[in-house]
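Given the sequences, and given the hints that come with them, work out the whole structure.
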Amino acid sequence: MLILGIDTSCDDTAAAVVRDGHEVLSNVIASQHKAHDRFGGIVPVIAAREHTAKINFILESALEEADVSFADLDAVAVSHHQGLLLALVVGVSAAKSIALACNIPLIGIHHLEGHIYSNLMGRSKVLKFPFLCLTVAGGHTLLLKVVSHGTYELLGHTRDDAAGEVFDKVARHLGLGYPGGAAIEKLAEKGNPEAYNFPRPLINRTDGEFSFSGLKTAVIAAIDRDPNLNKADLCASFQQAIVDLLISKTMRMADDHQLQQITLAGGVALNSPLRTALKHAADDHGYQIFTPRNDLCMDNGAMVAGAAYFLYQERGPDPIGIDTRANAPLGSMGIRYRHDSKYR
Amino acid sequence: MDCPIMRTLILDTSGPFTTVLVATETGISYASILHGRPAEHLHEQIQTSFSCLHIEPSDLDRIAVVVGPGSWTGLNIGVTAAKTLAQVLKVPLSPIHTLDALVAGHSEPIWALMNAGRGQCYYLHCTRSTYGEKPAMAVAPLDTVSTQIRTDTSAVAILEYGNTFEKQFCGDHRYQSVARLLPESLISTLNQSPLMEGDALKVLKPVYLQPALAEHHTIG
Ligand SMILES: Nc1ncnc2c1ncn2[C@@H]1O[C@H](COP(=O)(O)OP(=O)(O)OP(=O)(O)O)[C@@H](O)[C@H]1O
Ligand SMILES: [Mg+2]
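Chains as they are written, first to last, in the working numbering: chain A, 1 to 344; chain B, 1001 to 1220.
The hints are simulated quantities; they were obtained by calculation from the structure and are not laboratory data. Errors might be hidden in some of the hints.
Said to hold, decoys possible - The calculated label-pair distances, taken between Cβ atoms and stated as ranges, are:
1. A:G41 - B:T1147: 37 to 43 Å
2. B:E1025 - A:P319: 30 to 36 Å
3. B:I1028 - A:S332: 40 to 46 Å
4. A:D37 - B:Q1192: 38 to 44 Å
5. B:I1028 - A:R38: 44 to 50 Å
6. B:T1024 - A:P319: 25 to 31 Å
7. A:E65 - B:E1197: 18 to 24 Å
8. B:G1036 - A:N327: 18 to 24 Å
9. A:S148 - B:A1179: 47 to 53 Å
Since the structure is predicted, the reported quantities are computational estimates derived from the model, not experimental observations. Built from N, CA and C at the ideal position, the CB exists for glycine as well.
Put into structure tokens, the structure is as follows:
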């Protein structure tokens, strides 16, 4: 089954062609961060304008790279839930036109489901339900028990900022580029993770809740305090605090819920110190770790097509009038979770 | 006419109404006008038009779309829908400008206006000499334009797409607020509208209401 996946949930215009949920034939992403740079954050109307200007080129490239035509597609999938509303509607409009013109099923995907399913792509034989998923991205930090296709239980989420957002805010404060997490990871390589003792909020609580805003405030205060700051040391210490927080909660929830397979999803899953630390912790507990392919971590269309392949077998197609929502509950149990304030 | 009929799908999401039309040279064969929510309605309306007319998407020869100025989100949805339909079906796309459709069918001197926000307005000034050719839309401060309009005794009508200038033209019997572009007006602009194909079609952008964000030139 050949599925075209589209994602315009935030500031990337993305489309991809995936065969049978596993084989990524193309995965094209146009980033807009330059258009937003001078505003110091993502401006929804500009994101929407850029998507509208680029989407048809991205669709063409995705098909060309996959060496297929519109007529070869068996279905079109799109992120229609969770993200910037003004941005989502552009991808949804394109997807609906394709579904109509090609007379193929339309499959609406919750953006976070795309992130979660990036783990199952190419892995559905080894990764078995139920498993744990730590979703850490620009707008979300969640710990989920993935019970079965499309069914999730919320084990914990952030009370305030998302981990990715904190990476981005600290990076911006240091004058580093986007994505902030990648820039901080690079600088941190030469730094001492013990140079600063940053707070690790809620680390001793026994539940799966996260909080990052206290850490963010402490790091920004440290930057403002010291004109001769050693940026590498600061980045290494800050990154270490985030890694410690994520790992401790993840391992605790894996233990409590007896989940032996742990997956990582979202842009922050690219962070190699996080991957390494999680691997060590899991090895100690005898758990197995899965991380998505690098090109499936940040926003992309392939994860949407991947999720659609599995969920289509469960739920069938969606009507052409499917809605578009900035904040939508996740999965068949309709779980609600905290998201970043940028998704109004 | 001995050539086969040219069937055009026309979409308008520029205002509070979502309009879907199917037309041929002989006239309108289908019209659907719904209030609000183009994100959910538009493609349902298109699908209904196909089933009512017993046609397939591949029976379309051209797509036309109102590119603005108009509602930010409406235009993004409508223009993306139209561009993508044209791209998949490999048919040309015709952009329709809101103010061109607003003045369609008039042959006397008139002004067509639209609020561009921040005290600015889009306007089209049709005089006797501009009929037949196409006057270009411009943007200028509303105060400047309204002063010009008040002293322009030759104009017989002032048409605003929307209803934000009622106060500005209070007492001027020539002022009319227009809530939606009429099917006949949309169709009559098609003759003047270019046929876009290939990359030209893909780069087509809406004409956004906020001139600053839309990166327009400001005149006046
Ligand atoms: N190497 C890295 N280390 C840590 N964080 C990273 C790295 N690379 C990217 N990130 C972070 O990933 C985030 C972007 O991920 P993604 O595109 O999945 O998020 P989003 O789509 O903006 O938000 P969400 O999916 O939550 O709605 C950014 O916050 C960025 O800083
Ligand atoms: Mg994302």
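Hint check:
Checked against the hint of 37 to 43 Å, the C-beta distance between G41 (chain A) and T1147 (chain B) comes to roughly 40 Å, which is consistent with it. Roughly 34 Å separates the CB atoms of E1025 (chain B) and P319 (chain A), a value that falls within the hinted 30 to 36 Å. For I1028 (chain B) and S332 (chain A), the hinted distance range of 40 to 46 Å is satisfied, since their beta carbons lie about 44 Å from each other. Here the CB-CB span from D37 (chain A) to Q1192 (chain B) is close to 39 Å, well matched to the stated 38 to 44 Å.
Against the hinted window of 44 to 50 Å, the Cβ-Cβ separation of I1028 (chain B) and R38 (chain A) comes to about 46 Å, which satisfies the hint. Look at T1024 (chain B) against P319 (chain A): about 29 Å separates their beta carbons, and that is inside 25 to 31 Å. Separated by about 22 Å at the C-beta atoms, E65 (chain A) and E1197 (chain B) satisfy the suggested range of 18 to 24 Å. Checked against the given bound of 18 to 24 Å, the beta carbons of G1036 (chain B) and N327 (chain A), roughly 21 Å apart, stay inside it.
For S148 (chain A) and A1179 (chain B), the hinted distance range of 47 to 53 Å is satisfied, since their beta carbons lie about 49 Å from each other.
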